[in-house]
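First to last, the protein sequences are chains A and B.
Here the first sequence is numbered in the working numbering, starting from 1 and rising by one per residue.
Here the second sequence is numbered in the working numbering, starting from 1 and rising by one per residue.
Misleading hints may appear alongside valid ones.
A short, non-exhaustive set of chain A residues, derived as facing chain B with CB atoms under 7 Å [stated by the list, open to error]:
| # | residue |
| --- | --- |
| 1 | Val77 |
| 2 | Met81 |
| 3 | Leu87 |
| 4 | Ala114 |
| 5 | Gln115 |
| 6 | Arg116 |
| 7 | Met120 |
| 8 | Asp122 |
| 9 | Tyr124 |
| 10 | Leu125 |
| 11 | Glu127 |
None of these hints come from the bench; they were simulated from the model.
It should be emphasised that the depicted structure is a prediction, and the values quoted were computed from it without experimental measurement.
By construction, the Cβ of each residue, glycine as well, lies at the ideal position given by its N, Cα and C atoms.
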Amino acid sequence: MEIKKGIGVSPGVVISTAVVLDAEDLLIPERHVPAGRTTDEVSRFHQAIEVSITEILRLRDKVAEENGKEIAGIFDVHVGMLRDKSLLKEIETEINKLQTTAEYAVNVVMRRLAQRFQKMSDRYLSERVKDIQDIERRLLHNLIGQTHYDLAHLARDVVIIAHDMLPSQTAALDRAHVKGFATDVGGRTSHTAIVARAMSIPAVVGLGDITNEVNTGDIVIIDGHHGVVIINPDEEQLAEHQAAQVRSVAMGKTLAELLHLPAITTDGHEVALMANIEVPQGIDEAFERGAQGVGLYRTEYLYLTREDGEPSEEDHYQAYAESLRRLKGKPLVIRTLDLGADKYTQNRASSPERNPFLGDRSIRMCLHDIPMFKRQLRAIMRASPQGDVRIMFPMISTLMELRQAKMVLYDVMEDLEDEGVPFRRELPIGMMIEVPSAALMADSFAKEVNFFSIGTNDLIQYTLAVDRTNEKVAGLFCPAHPAVLKLIRDVIRIGQRHNISVSVCGEMAGEPLYTLLLLGLGLTLFSMNGPDIPEVKKIIRSTSLEHAKQVARRVMSFDSERQVMHFLREETRKLVPEAF
Amino acid sequence: MTASKEVFISNIHGLHTRPVMKFVDTASRFKSEIKVHKGGAEPADADGKSVMQMIILAAEAGTPLRIEAEGEDADQAVKELAELVESKFGED
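If we strip away everything but chain B, and leave its shape as in the complex, we get (with noise of 0.2 Å):
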């Protein structure tokens, strides 16, 4: 089973180091494997369950993202992990 969906970072500080850790955090949860594509400028791929490789994306403000899910709960992350981007982390 795959899913995903496209967000836009909005919380003002982009992808910094503290929501990097609540994605990984609730990416890490899941079975599925996560993708996530930086759209933008500067396209990059990241595996959503590395804290390292979410920071190197440096997606600021604005970015879009697409979140990919690929496993048996892929439909439940993709969900979770887009709300939690569109929440802007439940910081601003």
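For reference, chain A alone in the conformation it holds in the complex (with noise of 0.2 Å):
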């Protein structure tokens, strides 16, 4: 038995049998050919061009109704290249100077191109080299006849292991029989964390070398909540989980119950329930669980998944004007670009931050990049008229960052005006409270604003100066660290002095272990993934406020996290027994 640890990005418990993907590269040996049967190698290579130009094709229109054409734009790359005739040429010359298999020239060419990529000083480009060698794998496996593992028709559940998935083979899954993700690398925006929660199965990623630990049939448990991957487990492990597992499957079901009710207390106070998403589709997703809107609308996506680095303004007002399509007039609150501090704008950065956290993240960005803010504000504004639009800025530590962020957004505003393009000026403008600053500030900050959204992540990240994807101090980054606690109380107050709302969008909120105590705090808004809206709806519709308010005072009289999690976990399994 073996247990990884590494950051859980989609919850959920099961076990299941293992797939590996890509633990080897497919070993092509170099074999000749006599003379005369080159020719056939020739048309034997055409033949696996033309089958993978199809099978691209058919992903790329799988992938674009799925998950947008700006995903899809990926496929277009792949058939360009393959129908690049210098390219064919190159491979065919191969087979014919080494007087070898199709498959060994086609090796040797794109190895070799993928070292040129490799090489590129532009990050961007040499992160290309994935593209070269999804297309190399499609194209031998099509030569040799062996799609070692078809993932699209699976003969019964397993999860998959991988290094990092690749866009075209996420795209291929087998919804129905993939349980659950785990690979060596990535972070909550990485593409395997956004297609798991897509598809509500638990996902760990960041495992560092799981691929060469777990061979494939080996039975695996992946723990999405605590980010834990146990490899061939012990008796009491799999006892443990298989419970674990049969509950959350228990629970799901009366949670379907629950999809049309009101989130409301038994004394009749009622809470909203709104979803963080990605993506427009992630909406009808957060409308099957019971989200009453979109809480957090998180742009970065648009950034992550563009071919190009940055979006168009004409790319953030498509995303944003379907979201309000698919909303129907429901609220729609738009976070403006929170990049910074992740691998990917640090493998853009000219020079590397020497402490990213503390760095060029986020609302600072976009103040250094006005050009590039504006362009998303336009969007919003543009696609204002349409819906219930509001819009959120990130990352916030003073009040003249603020004021800047509105300035930047009034200029949009008279802009648009000027050009005759209507938009809706009263748009509701809020702002994240994430940095201790902000929240300590609060009461300054409630009277330039119309809301407050709490993001829990950053601000304990910031309070408890812990970083959780650090393994050696992740144990220290908790919720229920009583400092953590009395900002998020504070917040929440002040909020209601000035009678602004206030809603927790980061994950505190989706944790059934804190909805008493945020609801007894006087919280009337959670945001949180999709997935874990009806069991916090199950514990609001499970207590009264007064309860709650009790539990919460209580709570507030601690002075350690162990105690607060303790007795929160004590009384919410008195009120919901299978909840944990």
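Using the supplied hints, reconstruct the complex from the two chains, each of which is provided in its own coordinate frame.
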């Protein structure tokens, strides 16, 4: 048995058989063919190209339908490469020159290309080496006629273990039988994480070398709640997690019945449960879980999936307009770009920052690149007449920043007015409270915004000085720390005093352990990942507001996170025994 | 018939995949052979109809390019391709 700790990016527990992808590259031996036979090899090669193109086009259409044209664009590049006459000629020449098999020539030429890509100084281009590998693998599989694991048609349930999922692999997945993911690399915004959340299956990423430790056929437990993967578990582990799996399935059934019921306490106090989304398509899934709107639209995904790094105003606009169409009048809180301090931006930066989490990220980055910031704001304003759009600035740490951001927004409004473009001037403007300085100054900020949204992940990280992706200190990262709770309590109170709405949109909002507490502190708007909504709703419907307030008062008297967690677990269990 | 024109890459990201796809799509509509010569510190040549060669050029913003065409529609090809590059591939 082996236990590996990574980052849980999609909740749930699954026990299943592993399928390991890309554990090793295909080994292509150099085999010679008689001089007269090279033409056969060339025609085999052309057939493989045709089959590959057909496959990719089919994938592209599937992905375009499910995830939008933006993401599907990558497959156009693959087709473009496979239709590249000079590339085809190079491989044909290699077949004839070396008198070798088509697969060997493909292997030689594509490896040569991959090396050239890897050497490029432009980070974006050097990462395209993945596309070269993707194409090579596809061609080789078609030549060898062995699709080593046909992920589109699985006979039974499996979990996928991979270095990192390639877009073409996730697109082709047999969604009925894939029950979880575990990958070597990745973070919350990685492709794998987003796909897993959309499929509502557990996923753990950033495991380091899980592909080396698991063999296809091994029994694996993936615990997306705790970011843990257990390889070949012993009986005790198995029993414990089987119980957890059964509980989560049973809970799932009762939760489905809650779908159309309001999130209302037994004494008639109703709160709003909203969803956090990454792509407009996420809205449908959120509705299926009972979301009453979108409390946090993470627009970073527009940037992360772009081929060329930066989306145009039109790209932004299309995404927002589509979201509003799907929302049919329900609210959409758009958080402006919140990148920085991640692999994506650090890779692109001319000089990596020494301390990126305290560096040029989020609103700071936007205020350093006004043209980019304006593109997004223009798109939001242009979409504003089409529904209930609200705009939210992330990572605000000083009043000046907020005022600057608002100035840029007013600039954009003026431009649009001059151009005669319609927009909704009175759209609500809010800010994230995720830096302690903002939480402590909430009283001043409350006079200048229409709403607050507490981003607990960053608020915890900055308050406790803990990077939770660093496994040595991740244990110190805890929403229950009394210092964090005090900040949250005060921000909610200040919001009430100024009569502005306060929500929590961090992971804490979706964790059942904290539902009673947040409710008791007076929170009226929770925003979370869609799959978490039913469970939180169940707890809200099981308590009175009065009881929740008592729980909160008691919690605020504790001085250690252990006491807080223990007490909350006991209290929640009393109300909803199946919750833990 | 031959034609050629010097242009500068002016979109921020240079010849990334999306601009390359647009360039190659446009070039492929012409019968003429299209060559692209990259100037600057690391000069290189590419077939203007080859996605792979064009990406490998790795031409960043500010790089001079000479677009050359040879064939019956060379003039029109150079004109349209130059316009595409100068319009920043319709991106910025």
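Verification of the supplied hints:
1. Val77: Hint on Val77 of chain A: holds, closest Cβ of chain B at ~5 Å, below 7 Å.
2. Met81: holds (5 Å)
3. Leu87: It holds, given that the least Cβ distance between Leu87 of chain A and chain B is near 5 Å, below 7 Å.
4. Ala114: Status violated, d = 11 Å.
5. Gln115: Nearest chain B Cβ about 11 Å off; hint violated.
6. Arg116: Since chain B brings a Cβ to about 6 Å from Arg116 of chain A, closer than 7 Å, the hint holds.
7. Met120: Holds, because the Cβ-Cβ distance from Met120 of chain A to chain B comes to roughly 5 Å (cut-off 7 Å).
8. Asp122: Interface hint status for Asp122 of chain A: holds (6 Å vs cutoff 7 Å).
9. Tyr124: This interface hint holds because 6 Å falls under the 7 Å limit.
10. Leu125: holds (5 Å)
11. Glu127: violated (11 Å)
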